[in-house]
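**Q** Each chain, written out:
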Amino acid sequence: MPYATGEPTDDQISAVMEEFIALEGPLLPMLHGLQAEFGYVPQAAVELIADALNLSRAEVHGVISFYHDFRKAPAGRHVVKICRAEACQAVGGEALGEAVLARLGLDWHGTTCNGAVTLEPVYCLGLCACAPAAMIDGKVIGRVTEDRMTRILQEAGV
Amino acid sequence: MKIFVPRDSAAKALGADDVAAAIQIEAGNRGLDVTVVRNGSRGMVWLEPLVEIETDGVRKAFGPVTAEDVPALLDETLESLGTVEDIPFFARQTRLTFARCGQIDPLSLTDYETHGGLAGLKRALGLRPEEIVAEVTTSGLRGRGGAGFPTGIKWDTVRKAEAARKYIVCNADEGDSGTFADRMIMEGDPFTLIEGMIIAGLATGATKGFVYIRSEYPDAIEVMEAAVRIGLKAGMLGTNILGSGKIFDLEIRTGAGAYVCGEETSLLNSLEGKRGIVRAKPPLPALEGLFGKPTVVNNVLSLATVPVILQKGAEFYAGFGLGRSKGTMPIQIAGNVRYGGLFETAFGMPLGELVNDIAGGTASGRPVKAVQVGGPLGAYMPVSRFDTPFGYEEFDGQGGLIGHAGLVVFDDKADMLKMARFAMEFCAVESCGKCTPCRIGAVRGVETIDRIDAGDAGAVSLLTDLCDTMKDGSLCALGGFTPYPVMSALTHFPEDFSRQKEAAE
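Top line first, the protein sequences correspond to chains A and B. Under this note's numbering, the residues of the first sequence are numbered 1 to 158, in order. Under this note's numbering, the residues of the second sequence are numbered 1 to 505, in order.
Calculated from the structure, these hints are not laboratory results. Be careful, since some hints might not be right.
Said to hold, decoys possible - The list that follows gives simulated cross-link-like pairs (lysine-lysine, DSS-like), each with its CA atoms no further than 30 Å apart:
no.	chain 1	residue 1	chain 2	residue 2
1	B	LYS312	A	LYS72
2	B	LYS208	A	LYS81
3	B	LYS208	B	LYS60
4	A	LYS81	B	LYS274
5	B	LYS413	A	LYS81
Work the whole structure out from these sequences, hints included.
**A** The following block contains the structure:
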């Protein structure tokens with residue numbers, strides 16, 4: 001995850017977009033590419049994408065805002081996703097989520113003041129037989145206890 | 001010596017990578033000649049990481065293994081489970097779709113072929129398109145994503161359509177809680193899915209395929225992308241499939257966190273680069289699908305079952321099952337269970353046998369209260385309905401659905417009012433926004449259930465009425481089926497909806 005060094009330039013954005021322009025239905029791969037490169041989808045990308053794909057800026061904005069994955073600003077240094085879905089709930093997932101929210105003093109999607117952790121809900125990681133499940137910076141963990149989560153958060157800086 | 005340590009996400013989530021690393025280090029220290037193979041999961045998640053050591057062609061299983069167990073593992077003093085086939089949960093299955101998963105190195109085409117891979121494709125290359133379709137139709141294969149539509153009929157519609165270009169789209173947006181079969185097969189036997197899609201292409205005249213995988217499955221995406229690269233290099237994909245001169249190109253695409261994109265038309269819109277809004281049908285995707293072209297949209301399991309149908313014949317597959325539910329279903333057992341994982345079996349097993357016998361009841365040891373079958377849009381089945389055989393029509397007759405065959409078990413500490421509230425909350429979060437009964441109804445549903453929780457008994461009839469509206473007025477199953485979990489909770493567990501009222505009185 002790149003540290004914020006100011007907004008990406010149009011040239012930097014266009015260079016990423018170029019990789020995907022020839023695909024059939026390039027917009028979602030393009031947005032994923034931009035987020036992988038910059039950590040979020042820069043506002044400046046909206047007009048550049050609209051021009052390149054012959055869409056309106058409103059349409060591009062609509063696509064970005066529709067999907068839960070796409071961010072408009074960088075996340076914290078670590079992204080912690082806790083599953084809120086039924087199978088995890090069946091084994092105490094809700095209590096785990098509540099405990100983490102309380103410990104960090106956040107609502108879902110919030111970032112701690114020190115910028116260390118962004119906490120997000122996720123609805124199923126496909127780890128339903130080893131629940132409760134979570135994902136830390138893309139790494140999956142199963143049968144998560146409060147103690148284990150506390151250690152993980154401490155290592156992450158909160 | 002070959003040592004198998006699964007790379008399946010569930011195994012990784014339980015420490016498999018640490019175990020694999022520890023084995024490499026310890027074997028190195030001892031000067032042992034060890035090859036670590038990262039296979040798929042055998043599907044017995046309570047035993048993961050399940051490590052197998054192969055000596056003289058026999059694989060001894062151990063699990064769950066931790067990094068600390070590795071010295072004993074290599075000393076041969078760690079207690080073994082016997083072979084995987086010795087374990088009752090495994091032995092009682094009929095593994096047709098999942099035959100190779102956990103057996104082979106997922107990215108070895110040699111392993112794949114040795115274990116029956118490509119036999120179906122080779123046979124299909126010698127058949128006419130209508131013959132391939134006839135085979136799939138006769139097998140009785142129905143859409144395994146949940147709709148249960150006869151796969152052969154869908155393929156035939158696309159085959160007969162006239163267009164310059166046709167597509168095969170694999171729906172790998174497995175967003176239902178309690179389901180992970182698609183993830184497992186993509187991570188454990190990706191070539192099976194690819195082979196099925198190529199056969200679909202040959203049957204329908206489609207030369208391009210997409211696999212739309214949800215972004216919550218990064219490991220599956222990684223394995224599928226690697227498998228496509230290997231397939232292209234080996235001539236399984238591309239412009240000259242196995243030297244036949246036939247064409248099939250395949251792209252892996254990633255979703256972006258929207259549950260509704262598991263609905264086929266929403267998925268097509270998403271592939272096209274649009275918001276995942278649901279489309280009205282007609283037109284059917286089979287005639288006007290991706291970019292307006294005839295498109296087969298099939299679930300991962302439907303496509304991954306095609307190779308074995310072509311290999312062993314339609315009659316073989318149709319010989320399993322009951323009624324109009326032919327063949328086998330990879331059932332996913334999840335939630336508060338003792339023995340959770342993947343259990344592939346012929347249709348027809350009663351729900352109670354799956355939950356109490358195979359799954360061993362709850363993990364907590366407390367009584368089973370309810371089982372949600374078919375994902376978040378499936379009904380909560382009470383214990384009184386446990387004699388229902390596992391089949392499409394059989395579950396429908398009991399006010400439920402099998403969906404993608406995920407079972408989530410709840411013990412008696414579950415609060416069914418809270419579960420009903422979550423069903424509405426989830427619908428509100430994931431609604432594409434097109435239909436008012438879904439978009440607004442779900443929000444009002446949460447509010448109405450909160451009113452019931454606060455003691456307002458009159459809100460119960462309002463909730464029932466709201467559910468009727470959502471069922472009748474929604475274009476897709478997200479709004480249309482949210483009433484299933486809500487009304488089944490209300491009907492079978494009324495005591496959870498009248499606590500506050502009793503307390504107030």
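**Q** Hints numbered earlier in the text: which of these fail when held up against the supplied structure?
**A** 1, 2 and 3
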